[in-house]
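Chains as they are written, first to last, in the working numbering: chain A, 1 to 255; chain B, 1 to 315.
The hints are simulated quantities; they were obtained by calculation from the structure and are not laboratory data.
If you want the ones that stay clear, here's a sample from chain B, every Cβ over 10 Å from chain A, calculated:
| id | residue |
| --- | --- |
| 1 | Ala2 |
| 2 | Gln26 |
| 3 | Gly29 |
| 4 | Gly31 |
| 5 | Ala41 |
| 6 | Ala45 |
| 7 | Val168 |
| 8 | Gln174 |
| 9 | Ser193 |
| 10 | Asp195 |
| 11 | Gly206 |
| 12 | Asp217 |
As a list, the in silico DSSO-like pairs of lysine-lysine whose alpha-carbon atoms are at most 27 Å apart:
| id | chain 1 | residue 1 | chain 2 | residue 2 |
| --- | --- | --- | --- | --- |
| 13 | B | Lys209 | B | Lys285 |
| 14 | B | Lys251 | B | Lys154 |
| 15 | B | Lys210 | B | Lys283 |
| 16 | B | Lys276 | A | Lys249 |
| 17 | A | Lys49 | B | Lys180 |
| 18 | A | Lys131 | A | Lys103 |
| 19 | A | Lys103 | B | Lys106 |
| 20 | B | Lys86 | A | Lys131 |
By construction, the Cβ of each residue, glycine as well, lies at the ideal position given by its N, Cα and C atoms.
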Amino acid sequence: MCVKTNPDPQMVRIKNREPVLEAVPFKLGDLDKNALETAIQLRDAAGGKVVALTVAESNRKIKETVKDALAMGADEAVIVDDPAAATLDQAAVATVVAAAVQKLGACDLLLFGEGSSDNYTGQVPSRVAEKLGVPQVGYARKVEAVEGAVRCERSMDEMIETLELPLPAAVTVVSEINEPRIPSLMHIMKAGSKPTQVWTLSDLGLDAAALAPKQEVVSNLAEEQDRKHIVFEGTAAEQAEAFVNALVKEGVVGR
Amino acid sequence: MADLLVYSEKIGTACELAAKGREFAQALGLGVSAAALGTGAAAQAAELGAAGADRVFVGEDQALEGWPADSVAAALAQIVAEADAKVVLLGSTRRGKELAGRLAEKLGAGAVTDVNGLELEDGAFIAARYAFAGATVAREKVGSDVKVFAVMPKTFSAEDATAGAGAVVTPALQLATGMKVVERRAKEGDTVSLDAAPRIVGVGRGFGKKEDLALGDQLAEALEGIVGCTKSLADFQWLGEDRIIGLSGAKTAPDLYLSVGVSGQVQHTVGVSAAKLIAAINKDKEAPIFQMADYGIVGDLYEVVPAVIERLKAV
Numbered sequence: 001m002c003v004k005t006n007p008d009p010q011m012v013r014i015k016n017r018e019p020v021l022e023a024v025p026f027k028l029g030d031l032d033k034n035a036l037e038t039a040i041q042l043r044d045a046a047g048g049k050v051v052a053l054t055v056a057e058s059n060r061k062i063k064e065t066v067k068d069a070l071a072m073g074a075d076e077a078v079i080v081d082d083p084a085a086a087t088l089d090q091a092a093v094a095t096v097v098a099a100a101v102q103k104l105g106a107c108d109l110l111l112f113g114e115g116s117s118d119n120y121t122g123q124v125p126s127r128v129a130e131k132l133g134v135p136q137v138g139y140a141r142k143v144e145a146v147e148g149a150v151r152c153e154r155s156m157d158e159m160i161e162t163l164e165l166p167l168p169a170a171v172t173v174v175s176e177i178n179e180p181r182i183p184s185l186m187h188i189m190k191a192g193s194k195p196t197q198v199w200t201l202s203d204l205g206l207d208a209a210a211l212a213p214k215q216e217v218v219s220n221l222a223e224e225q226d227r228k229h230i231v232f233e234g235t236a237a238e239q240a241e242a243f244v245n246a247l248v249k250e251g252v253v254g255r
Numbered sequence: 001m002a003d004l005l006v007y008s009e010k011i012g013t014a015c016e017l018a019a020k021g022r023e024f025a026q027a028l029g030l031g032v033s034a035a036a037l038g039t040g041a042a043a044q045a046a047e048l049g050a051a052g053a054d055r056v057f058v059g060e061d062q063a064l065e066g067w068p069a070d071s072v073a074a075a076l077a078q079i080v081a082e083a084d085a086k087v088v089l090l091g092s093t094r095r096g097k098e099l100a101g102r103l104a105e106k107l108g109a110g111a112v113t114d115v116n117g118l119e120l121e122d123g124a125f126i127a128a129r130y131a132f133a134g135a136t137v138a139r140e141k142v143g144s145d146v147k148v149f150a151v152m153p154k155t156f157s158a159e160d161a162t163a164g165a166g167a168v169v170t171p172a173l174q175l176a177t178g179m180k181v182v183e184r185r186a187k188e189g190d191t192v193s194l195d196a197a198p199r200i201v202g203v204g205r206g207f208g209k210k211e212d213l214a215l216g217d218q219l220a221e222a223l224e225g226i227v228g229c230t231k232s233l234a235d236f237q238w239l240g241e242d243r244i245i246g247l248s249g250a251k252t253a254p255d256l257y258l259s260v261g262v263s264g265q266v267q268h269t270v271g272v273s274a275a276k277l278i279a280a281i282n283k284d285k286e287a288p289i290f291q292m293a294d295y296g297i298v299g300d301l302y303e304v305v306p307a308v309i310e311r312l313k314a315v
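Next comes chain A alone, as it looks inside the complex (with noise of 0.2 Å):
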């Protein structure tokens, strides 16, 4: 199962309009989590080996931070780690991750979440599944393995699907699917003795020209939101007095 770790979007401060990165601490992705839940009860149930597979990019802590993902459940981690791949663009990613699927060997089942915590672009899974040529299916809130095959369920629009996947096959999941475990203590003790790999790009047969951008980030600034940012305190009684005492003077009940 594929995880991503980037910067913890709840201490992501603007300052002038620019996100402040510096000091905000990596973690795992709450859908990657979720994934990480899905992929040990698949094991549970239906036996295999759940490996955490991530690619550093600019995470210097990224040891640290799979270990979460150890310390869950994941059987193994194996990290993508160069510094010709600190910043990638989603198709690099996928490069790396199908070229890390494909040294492991044998995946039955690729999970992720369906997007990051960050940028939610959810473009990986898919182009890992493409890069790997086998068939997908994002948004499941039910993944369970029949013979041969992943089965799942997943809400679209007006409809509740049910599908089935041949193995090898790629799968995002929503958060609706589970609610990760929380690990113990001992369990957290354990990871650090858990099988991690370390692999560079070299490792992978990938050089700094296979993962040129196709895209680039122009700018990245807070939008110009002109909100008034009033907060009303006291007791509930005063709080709804004053609250809709500001909605009538906006002009939005009352008229």
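Starting from the structure of chain A, add chain B where the hints point.
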């Protein structure tokens, strides 16, 4: 002549893309193609033509049933080649977003998903999307020969579209899918339209159980508004899908958006950022929703909402 290609499994979204796509295509000296895929897709050709498509590529292959990402991407890649498309505009619906990465990879293309603003600057597309969970707006440029943009529904309007020739093309598509549809069943639920509502009460996971949503209904009633929700409440099947606000639901622009028990994840707030006035009731003073609110009440919704309802009665 090279083309700009538009596709969405949602005909309304596809028409929006065709209408705006025609403007872009004219500025760039491109033709406009549309793809209509899936069972009964041929019936969409006239509408796509009226919305601006010169050519409509129709694919009704069995492998497109249920719109699997693998076969739809394969169909579009073949159409891109036949139409010599340089730009592909997709709808950033769930299916469209899933498709975008797969298609882009097939085409060796860069792609931007969840685009909520697309414009030409000196002949180059600049696509805007939220980043850092909505804290910022990233403006991105795609450098590959073919460019893929998945644009959120209702970013463009199909009104006042200039019609194209709408010539139907039936390409010989080579398609297969690994996805088997075991079952598709309709959800139960009510139907409402949030698009034009002047006042919306947005409910989120701060509500502990389905029955408690009655409080949200009462608040909406007191405001003469409509209840909308975050996606998770629809996923719990507490409310119908048509009440979802955000990336996977309605993009609204009410006079008042009052959120109750909504944390303010970007997938939701992108659907209300155009509201004239945003207010929030949430017990967590750090909730991101307060960063985009005009008025906020930090408190227990089970105490605050009845007090607000009571006070509204006196207006």
